[in-house]
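Protein chains: 2
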Amino acid sequence: MDFETKLDRLAEVAVKTGLGLAPGQELVMTAPLESLPLARLITRHAYKAGASLVTTFYGDDDATLARFELGSNESFDTAPAWLFEGMAKAYGAGAARLAISGENPALLAGQDADKVSRANRARSKAYQPALQHIVDFHINWSIVSFASTAWATMVFPDATESDAVMKLWDAIFAASRIDQADPVAAWAAHNARLHDRKTFLNDKRFSALRFRGPGTDLTVGLADAHEWAGGSEKARNGITCNPNIPTEEVFTTPHARRVDGFVRSTKPLSYQGTLIEDISVRFEAGKIVEAKARTGEEVLQKVLETDEGAARLGEVALVPHSSPISQSGILFYNTLYDENAACHIALGQAYNKCIIDFENKTEAQLVEAGANRSLIHIDWMIGSGEIDIDGVTASGGTEAVMRGGEWAI
Amino acid sequence: MDFETKLDRLAEVAVKTGLGLAPGQELVMTAPLESLPLARLITRHAYKAGASLVTTFYGDDDATLARFELGSNESFDTAPAWLFEGMAKAYGAGAARLAISGENPALLAGQDADKVSRANRARSKAYQPALQHIVDFHINWSIVSFASTAWATMVFPDATESDAVMKLWDAIFAASRIDQADPVAAWAAHNARLHDRKTFLNDKRFSALRFRGPGTDLTVGLADAHEWAGGSEKARNGITCNPNIPTEEVFTTPHARRVDGFVRSTKPLSYQGTLIEDISVRFEAGKIVEAKARTGEEVLQKVLETDEGAARLGEVALVPHSSPISQSGILFYNTLYDENAACHIALGQAYNKCIIDFENKTEAQLVEAGANRSLIHIDWMIGSGEIDIDGVTASGGTEAVMRGGEWAI
Chain A
285 MDFETKLDRL
295 AEVAVKTGLG
305 LAPGQELVMT
315 APLESLPLAR
325 LITRHAYKAG
335 ASLVTTFYGD
345 DDATLARFEL
355 GSNESFDTAP
365 AWLFEGMAKA
375 YGAGAARLAI
385 SGENPALLAG
395 QDADKVSRAN
405 RARSKAYQPA
415 LQHIVDFHIN
425 WSIVSFASTA
435 WATMVFPDAT
445 ESDAVMKLWD
455 AIFAASRIDQ
465 ADPVAAWAAH
475 NARLHDRKTF
485 LNDKRFSALR
495 FRGPGTDLTV
505 GLADAHEWAG
515 GSEKARNGIT
525 CNPNIPTEEV
535 FTTPHARRVD
545 GFVRSTKPLS
555 YQGTLIEDIS
565 VRFEAGKIVE
575 AKARTGEEVL
585 QKVLETDEGA
595 ARLGEVALVP
605 HSSPISQSGI
615 LFYNTLYDEN
625 AACHIALGQA
635 YNKCIIDFEN
645 KTEAQLVEAG
655 ANRSLIHIDW
665 MIGSGEIDID
675 GVTASGGTEA
685 VMRGGEWAI
Chain B
285 MDFETKLDRL
295 AEVAVKTGLG
305 LAPGQELVMT
315 APLESLPLAR
325 LITRHAYKAG
335 ASLVTTFYGD
345 DDATLARFEL
355 GSNESFDTAP
365 AWLFEGMAKA
375 YGAGAARLAI
385 SGENPALLAG
395 QDADKVSRAN
405 RARSKAYQPA
415 LQHIVDFHIN
425 WSIVSFASTA
435 WATMVFPDAT
445 ESDAVMKLWD
455 AIFAASRIDQ
465 ADPVAAWAAH
475 NARLHDRKTF
485 LNDKRFSALR
495 FRGPGTDLTV
505 GLADAHEWAG
515 GSEKARNGIT
525 CNPNIPTEEV
535 FTTPHARRVD
545 GFVRSTKPLS
555 YQGTLIEDIS
565 VRFEAGKIVE
575 AKARTGEEVL
585 QKVLETDEGA
595 ARLGEVALVP
605 HSSPISQSGI
615 LFYNTLYDEN
625 AACHIALGQA
635 YNKCIIDFEN
645 KTEAQLVEAG
655 ANRSLIHIDW
665 MIGSGEIDID
675 GVTASGGTEA
685 VMRGGEWAI
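Order-wise, the sequence lines are chains A and B. Count the first sequence with the working numbering and you get residues 285 to 693, in order. Count the second sequence with the working numbering and you get residues 285 to 693, in order.
One chain only, chain A, in its complex shape:
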């Protein structure tokens, strides 16, 4: 199969499996400029699927850097709230949402940490109205990846530029099930397996998970009435979508005030252009009270200070060490990939969706149940082949969930 065929199949999977785009539905897409060939193929598949209109916002790394190089100090507290409010209106009226990711993971690595933090904070705050439609699954949405040169050469530093890009494409196509005979059917089978895992965990109703391994002994209390999710999701508009292409995780909402112990990251976190490596933190009653990192510690500390919820957890996710992405042995410096190579937790905003009957609960009830609130949601990896996980039952007993990074259930 040649490259063009695979790229076209990825576009088809994005529209059919990722979005499940419905005839007559509008599509709002964001894409890095370099991903233009994929964005164009997605646009074509979307119109074939009956899209009423495809609107794409292209992001330009050069413009982002120009701002950091030349922008006035005051400018870093500005964000296009009017644009995000517009997007929120589109989602409120039923538009689907697709993001093409593939940014340069180290784009802002050399920039002033305070400006990076302020710009991110302003953007996150302005983005809330749009984000809420997404995280609450009012609409069908998805993320797919594009192998940009900057990303590829970071993942494969010893390869030539063109080889690095092709190697990364191969990894993306494999993880996205594009090279299987019928990718859309392969995704249906994969979704069925993930649904079995989440059903098992939902039936168990553990009160907490205990993670143990090198540098880690962490008890993550689960939210009251938590619900496990994974694979395809039915959005509130009735459309079934796969929010992440690829995905290997099942995940739920931890209790924001019931996390205790210490934990060490097992993969680097690439956050808005900065690499944060060897994170080591200690939780007390849900909150991080000590945090260190070998690189990027300053950015990590800024992240934790974003708001009250930034130092608490909003997600816990289980991924077997044998997942294809983990087995590829590739460190992607990209959350969409690395989070599917290992169990992980996320700082910040919880998914309401992972609380049973969330549509009929008030904000106060959701928070009372343990759902964390923050402007941020940042996944970081704590799983490996050396991690054991126990489920803690309501009566205080324990049950093996994972051993040596593999499912024990």
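Since the hints were made in silico from the structure, they are not lab data. All of these numbers come straight from a predicted model, not from anything done at the bench. Please note: incorrect hints may appear among the correct ones.
Repeated chains share a single entry, so a pair holds when one copy, or any two copies, can fit it.
In silico DSS-like pairs for lysine-lysine, Cα to Cα no more than 30 Å straight-line [claimed, not checked]:
{"no.": "1", "residue 1": "K332", "residue 2": "K586"}
{"no.": "2", "residue 1": "K409", "residue 2": "K518"}
{"no.": "3", "residue 1": "K290", "residue 2": "K518"}
{"no.": "4", "residue 1": "K451", "residue 2": "K482"}
{"no.": "5", "residue 1": "K399", "residue 2": "K300"}
{"no.": "6", "residue 1": "K399", "residue 2": "K332"}
{"no.": "7", "residue 1": "K373", "residue 2": "K409"}
Let chain A serve as the given structure and place chain B on it in line with the hints.
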């Protein structure tokens, strides 16, 4: 001076002369993908000038064509109203607006006229909230051009592709005063000359203009309390901008119900991808009652049916035949250039700005004064070296304004 220097100067003129961008001001830019190098330079000059944020929307001809090729019939009545409402909010909060033009003038030439018309109508309607901030000069705004390959090869069909692009760039740089010693100073001198013309015409207070030439004997009544404009304008936010780079015209608002006679176009009109050539129309009491064209007549008829005001005039503009753009002898197939080569009129929406004291008049008063209302505003050229224009005074006398296409005042 090398090409990169000229392109950088064009970006500087766009920000300093075109927009007069103020420190702390947000900038909203629209640009065809191919104009990326110019958009990036403008972004840099905007941040240097103190922009708080530059947000650029890139348009993609390929996506537009995919819609016409694959989109469902119903899709052509859809437009991103949510995006234009967002832009309107940005302008309402003080953002400046820059458009880079340079689209393929014949992009939609082969498409179904009904779909083209419906898509344009839906877009024009949705765009109204944003457009109103622009046409009423609530904000500083400007348009500059980029020599796209499709546009250049249309203008210079006998040149090689790369030669055509360089010839068009040369024409753009010349018309935009980029190759003068100090382009920003050259624009200041040019603005002073245009201001002298408009002051003269404002002092005359003609009730009508009569155009005579081959195939043309047209009396264009001017709106009550009309005001001539041209060159730089002070927007209501207090910032002086040059809305068009280049510009050679002085213009005002005709009376929507006082235009009589017949007129022939002197240059082709490139409208949303269709070329409309040799237009010939007859007006009665302000309205076009007969319209023909050698090519594109079907599209012209659809345009005239857009709404009640589409067959009436919203602008009349005077440009001497000796203007540099006219003297270049180039037919640009682009309104921004061709309208500056010849006297012209526009179908559709009038500029409130060209009615004295418009801010303190009600919509009913503006319409009563003669301001036309429509979703469209389409300039077309009626001037040439063979056109004579008389000013008609309140008492019915006449006075020469132009003879043989040149100022007679």
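Okay, the hints, checked on the actual structure:
1. K332 to K586: Close across copies (27 Å), not inside one copy (45 Å); limit 30 Å.
2. K409 to K518: within (27 Å within a copy, 34 Å between copies)
3. K290 to K518: within (27 Å within a copy, 54 Å between copies)
4. K451 to K482: Neither. Shortest intra-copy (32 Å) and inter-copy (64 Å) distances fail the 30 Å Cα cut-off.
5. K399 to K300: Cα proximity of K399 and K300: across copies only (26 Å, versus 39 Å in one copy).
6. K399 to K332: So K399 and K332 pass the 30 Å test across copies only (17 Å; inside, 43 Å).
7. K373 to K409: both (16 Å within a copy, 17 Å between copies)
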